[in-house]
Amino acid sequence: MRSRAYPFYFASGALALYLLFYVIPSIMGFYYAFTDWNSYTTEVNFIGLENFRVIFTSGASQNYMHFVRNTIVFTIATILLKTIIALGLAVLLTHGIHRLAYFHRVVMYLPAVLPMLVVSLVFKSILNPATGLLNTTLRSVGLDFMAQRWLVDVAWAMPSVIGVDTWRGVGYIMVILIAGLQAIPREYYEAAAIDGASGWASFRRITLPLLLPVLTVTTVLNLLYGLKVFDIVFVLTNGGPGRATDTVYTAIFDEFSKGRYGVATTLSTLLFLIMIVLGYFVIRLMHRDVEE
Amino acid sequence: MKQVAILVSLFVLSVLLVAGCTAAQPGAPAAEGGAPAEEGQITLTYMASQGWIKDAELELAKKFEEETGIHIDYQIIPADQYFSVLKTKLNSGEATDIFGGQSGKTDLQVQYDVEKNAVDLSDQEWVSRHDPLSLDMVSLNGKVYGIEIWDTIASNYFIVVYNKNIFAQQGLTAPSTYAEFKDICLALKDAGINPIYEPISDGWHHVLWFPMVGPRFEELNPGLAERLNKNEVKFAETPVMVEAMTQLKELYDLGCFGDNALSDAFADANAKLASGEYAMAVTTLTAPVSIEADYPDTPAQTFGFFPMPLVDNRLAPAHPAGPSKFIYSGSKHIEEAKQYLAFLAAPENLQYLLDNTSEFADLNFSGLTAKWTPEQQEFLDTYPAKSIVYQDAVNYLNPQWMDIGKDMVAMFTGAMTPEEVLVSIDQRRADMAKTANDPAWAQ
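These protein sequence lines map, in sequence, to chains A and B. According to the working numbering, the first sequence is numbered sequentially starting from 3. According to the working numbering, the second sequence is numbered sequentially starting from 341.
Since the hints were derived computationally from the structure, they do not count as laboratory data. Warning: the hint list may mix true and false statements.
To be verified - For lysine-lysine, the following DSS-like pairs were computed, each having C-alpha atoms within a straight-line distance of at most 27 Å:
| no. | chain 1 | residue 1 | chain 2 | residue 2 |
| --- | --- | --- | --- | --- |
| 1 | B | Lys-589 | B | Lys-429 |
| 2 | A | Lys-126 | B | Lys-403 |
| 3 | B | Lys-726 | B | Lys-429 |
| 4 | B | Lys-726 | B | Lys-570 |
| 5 | B | Lys-483 | B | Lys-678 |
| 6 | B | Lys-612 | A | Lys-126 |
| 7 | B | Lys-445 | B | Lys-678 |
| 8 | B | Lys-456 | B | Lys-445 |
| 9 | A | Lys-230 | B | Lys-429 |
To be verified - Computed footprint of chain B on chain A; a stretch qualifies when at least three of its residues, placed anywhere within it, have a C-beta under 8 Å from a C-beta of chain B:
| no. | stretch |
| --- | --- |
| 10 | 48–55 |
| 11 | 187–201 |
| 12 | 210–218 |
| 13 | 244–255 |
| 14 | 274–288 |
Note that the Cβ used here is the ideal one computed from N, Cα and C, for glycine as well.
Please construct the entire structure, taking both the sequences and the accompanying hints into account.
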């Protein structure tokens with residue numbers, strides 16, 4: 003490691019840009035979290051932990067902890083759903099179905115190619131309680147009791163958003179897992195089959211352990227994606243009904259558009275800390291499993 | 341030492357590189373947004389919220405281009421995102437040459453900061469012909485900053501439009517109290533007719549129910565608006581406001597707004613009224629005329645009007661604030677923009693706009709010929725307009741319109757109580773007042 007092929011200053015140009023556009027703004031962001039920066043005056047005053055106090059002791063309409071909770075619920079639910087469904091599909095399309103496997107993979111991956119805005123607008127129409135495709139279909143086959151007010155019912159809005167996001171994101175995770183599955187040598191399965199291992203046993207003893215590094219990657223990707231979710235919520239429900247599906251980033255957007263930049267920056271700082279802590283622990287946890 | 345010198349010079353070079361990229365901007369073509377501008381032609385960009393620009397105005401813009409060679413590039417933004425986009429553009433110094441905005445003193449000062457962002461138009465010729473109430477709404481500290489070309493009666497009075505045929509079939513008449521109104525809703529529901537089309541999904545429409553009955557609040561508590569502005573009383577401490585909010589919640593809970601209100605959109609209101617699927621909707625005096633234009637089988641005289649009857653309101657909602665046009669102080673084409681506003685305000689062009697816009701029955705400029713229908717005239721004669729609505733009269737209320745909307749949806753779905761909605765309005769007023777350094781909120 004000591005003998006470098008190139009002198010350090012070769013990296014300095016990139017380093018300068020990195021400092022200018024990533025490190026310095028981030029540090030400035032931390033600073034602004036402790037100020038009353040807003041759109042109404044040009045003055046920026048240091049106000050200590052006041053913004054954090056606002057966030058942790060907020061009232062019924064601006065319940066920031068509720069937004070944090072929503073974000074975490076969304077993140078955990080989408081991680082579990084996407085990983086389980088994508089793993090199932092990946093195994094199915096690698097070891098199960100061979101006819102037209104590539105075609106199926108493309109079809110499953112397709113939603114990931116669509117812009118989130120398009121997906122959201124399409125689903126907004128599909129999930130309309132009165133005129134939407136989903137409820138119309140359910141009613142036409144006599145399943146009226148299953149027709150819900152998907153996006154406007156407090157109880158159903160979050161599950162609906164999670165469902166739409168899973169539909170869109172599962173193909174992407176599946177493709178990564180397929181790549182991981184194909185890297186597992188076939189000999190292991192042949193050896194296991196000779197030893198009389200069942201399909202479930204070889205999945206549990208071979209596939210899962212060897213896929214763990216890939217699963218770590220997808221989990222971290224899903225985690226970071228889930229924590230910073232914005233567009234799908236913004237278009238599907240705009241945080242509604244009321245504020246039932248507001249997440250941290252829709253709240254940040256809200257605060258920014260109200261001109262309360264200080265509070266908005268505090269929220270994003272807080273989310274940044276949560277991301278770092280959770281990301282670190284997820285990687286540590288899964289790496290330890292690999293080493294064992 | 342040599343390494344440090346190289347490092348520093350590389351850093352400086354990269355900064356210069358970045359600076360060079362931004363400095364290259366002035367050479368960019370003047371036309372934006374794919375406008376079909378010829379070379380050398382001036383293009384004025386104009387950003388407005390959906391619904392603010394009428395087709396007749398687009399025609400006038402074409403005529404203006406023919407006369408002067410100045411092209412107007414309209415950028416229409418969906419209503420629910422408009423103010424976020426506008427404020428972002430104003431704050432980042434990238435606003436369009438002309439920008440639309442809702443008038444009213446709080447909006448001018450707090451939302452758009454017109455003293456910094458807009459051009460003083462006090463010396464324009466049309467100022468003397470502008471309706472004084474409207475002119476006051478686009479003025480701040482004695483200077484005129486905008487022009488409000490709008491029908492402040494027909495398009496601004498949000499009142500209940502009801503289907504007279506349905507009412508006659510059910511033996512119902514226009515209510516004069518809230519109790520009567522509630523009975524009408526229940527009777528219609530029993531007869532299998534949806535009482536009121538209330539499009540909540542847009543986020544703004546259901547809010548109308550509250551500040552639009554401001555004249556009634558004022559009638560019951562003379563001087564209330566002024567005391568609210570002096571911070572001597574709060575919304576949540578005013579029983580009549582709690583009562584109004586509670587009644588609205590009751591209407592929702594009784595199912596008066598139909599099953600799909602949370603997903604309904606205002607764009608469908610005319611269709612729903614025309615089809616008779618709904619007996620009433622909160623909309624404008626000109627809605628029946630627009631309905632007749634779109635659905636010739638449903639003549640305008642099918643519909644009658646009465647004010648929103650919460651807390652027994654019988655007053656018409658005078659509402660001089662409306663969509664207005666401001667010239668951005670950072671524009672490179674201020675003179676051309678003034679020229680365009682003067683063109684729009686020319687009497688013959690105002691009359692053209694009035695005659696060719698079905699939603700307008702009159703405009704807020706002197707010397708024009710109005711076109712009231714007998715039903716509209718009857719409403720104006722029956723229900724007096726004693727004072728202006730609360731989004732105009734009370735500071736820090738209009739800018740939080742969409743937030744109130746969210747809170748009210750939370751109230752409808754049971755996440756908040758009517759009192760909590762009002763407390764939340766008070767909280768946001770205090771936040772805005774403090775950041776605007778309002779002395780009434782100084783501790």
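Results for each hint:
1. Distance hint between B:Lys-589 and B:Lys-429 is unfulfilled; the C-alpha atoms sit about 37 Å from each other, more than 27 Å.
2. Taking the CA atoms of A:Lys-126 and B:Lys-403, the gap is near 39 Å; set against the 27 Å cutoff, the hint is violated.
3. For a cut-off of 27 Å, the pair hint linking B:Lys-726 to B:Lys-429 is broken: about 38 Å separates their Cα positions.
4. Distance hint between B:Lys-726 and B:Lys-570 is fulfilled; the C-alpha atoms sit about 22 Å from each other, no more than 27 Å.
5. For the hint pairing B:Lys-483 with B:Lys-678, the CA-to-CA distance comes to about 15 Å; that is within 27 Å, so the pair holds.
6. Proposed proximity of B:Lys-612 and A:Lys-126 is supported: the alpha carbons are some 20 Å apart, at most 27 Å.
7. Of the pairs offered as hints, the one joining B:Lys-445 and B:Lys-678 holds, with about 22 Å between alpha carbons and a cut-off of 27 Å not exceeded.
8. Between B:Lys-456 and B:Lys-445 the CA atoms are separated by roughly 15 Å; this keeps the pair inside 27 Å, and the hint holds.
9. Using a Cα cut-off of 27 Å, the hinted pair A:Lys-230 and B:Lys-429 holds, with the two alpha carbons roughly 24 Å apart.
10. Note: the stretch 48–55 of chain A has 0 residues with beta-carbon separation from chain B under 8 Å; the three-residue rule is not met and the coverage is violated.
11. Here the stretch 187–201 of chain A counts 0 residues with a CB under 8 Å from a CB of chain B, which misses the bar of 3, and the coverage is violated.
12. Closer than 8 Å: that is the beta-carbon criterion, and the stretch 210–218 of chain A has 0 residues meeting it against chain B, so the requirement of 3 is violated.
13. Under the rule that three or more residues need a Cβ within less than 8 Å of chain B, the assignment of the stretch 244–255 of chain A holds, with 4 such residues.
14. Coverage of the stretch 274–288 of chain A by chain B is violated in this model, with 0 residues showing a Cβ closer than 8 Å to a Cβ of that chain against a need of three.
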